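Here the numbering used here is used: the first residue of the sequence shown is 6, the next is one more, and so on.
The hints are simulated quantities; they were obtained by calculation from the structure and are not laboratory data. Quick caveat, the model's predicted, so the values are computed rather than measured. Possibly wrong hints are sitting among the right ones.
Calculated pairs, EDC-like style, for lysine to aspartate or glutamate (alpha carbon to alpha carbon, straight line, at most 16 angstroms) [claimed, not checked]:
1) Lys122 / Glu141
2) Lys222 / Asp189
3) Lys222 / Glu206
4) Lys127 / Asp117
So the derived label-pair ranges between C-beta atoms look like this [stated by the list, open to error]:
5) Ser282 / Arg59: 17 to 27 angstroms
6) Ala85 / Gly252: 44 to 54 angstroms
7) Ala85 / Arg262: 25 to 35 angstroms
8) Ala66 / Asp98: 24 to 34 angstroms
9) Arg148 / Ala85: 16 to 26 angstroms
10) Arg80 / Asp184: 25 to 35 angstroms
11) Asp98 / Arg64: 14 to 24 angstroms
12) Leu256 / Pro82: 23 to 33 angstroms
13) Val286 / Leu166: 18 to 28 angstroms
14) Pro205 / Pro134: 32 to 42 angstroms
15) Asp98 / Arg148: 25 to 35 angstroms
16) Ala66 / Cys270: 21 to 31 angstroms
17) Thr271 / Ala144: 17 to 27 angstroms
Just so you know, even glycine gets a beta-carbon here, dropped at the ideal spot from N, CA and C.
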Amino acid sequence: MSSLQLFKYSGAGNDFIVLADGFPEAVSGYDAPALPDGPDSCRSADTIRRLCDRRTGFRAADGRIGADGLMILSRLPQAAGAPDFRMEYYNSDGSGGMMCGNGGRCITAFADFLGLKPAGGKAFLFEAPDGLHTGEILAREGRRCTVRLRMIDAFGLRRVLGGWFMNTGTRHFVRFTGDAGCVDVATEGARLRWNQEFAPEGANVNFVSRLPDGSLKIRTFEKGVEAETLACGTGITAAAIASWYEGIPPLRLDGRRAEYLLHACTDSLSVDFIPASGPDVPAATEVYLTGPAERIE
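Start from the sequences, fold in the hints, and give me the full structure.
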């Protein structure tokens, strides 16, 4: 049997199985029986699908079964200016190679839980599938942290199918609607996810509506999960950026920096960024996603 330790984290309801690679001193999590020793056993698509299955997969102490994805935190050789760790992310279907914003906040909280200290000061610097990110713990309350995550800059936004397409670490399509709460996300999301416009990789699909107080409601159909999830960090980021170019005013505008507040199914997150100075080249730089990350016990 395995001595591999698994952990469960939730970022605004988007939940993940998390494990550490290269941390023999790691604190105790949940045993992972019937798996070979070592994190490599969890890089197999078959194993990921089995652990993340919502009916028969990994069960946390709170009774929740399965997960939206699996992440591995790996220690890197220490050197001046080098990242503090590496983040690997896999969807529940075993596919990988993309960024997850909620996962990025959770793995930052996990690094803090393991006792890592940021080499560069207040924020961790880590390597992810889409490049380098920083993650800073802004507040701690029990098992729950508030994390500010630096996302990649977004370039190449384009108008398509009555919405906006962009890459915020993974591919997203954002469509604005009168009431996101009334959308049949399972049907419409699946239809747009496979639209020829996004072939062959497909795209995650976000439905967004503006609320009376100026904040935004968002629901997301995630590819790789092939269902609506409770939240999607890269989708929330894409929705905020698309809102600027859709002409929706931000809740706050500090100089050139715009900030939007978005409500997912169970939590609210904020996105702030600097829009491109010219209206003809939609882009966003210095993009940050701030929201909760919670260890599940």
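Practice prompt. Could you work out which earlier hints the structure fails to respect and list their numbers in ascending sequence?
Written response: Those not satisfied are hints 3, 5, 9, 10, 12 and 14.
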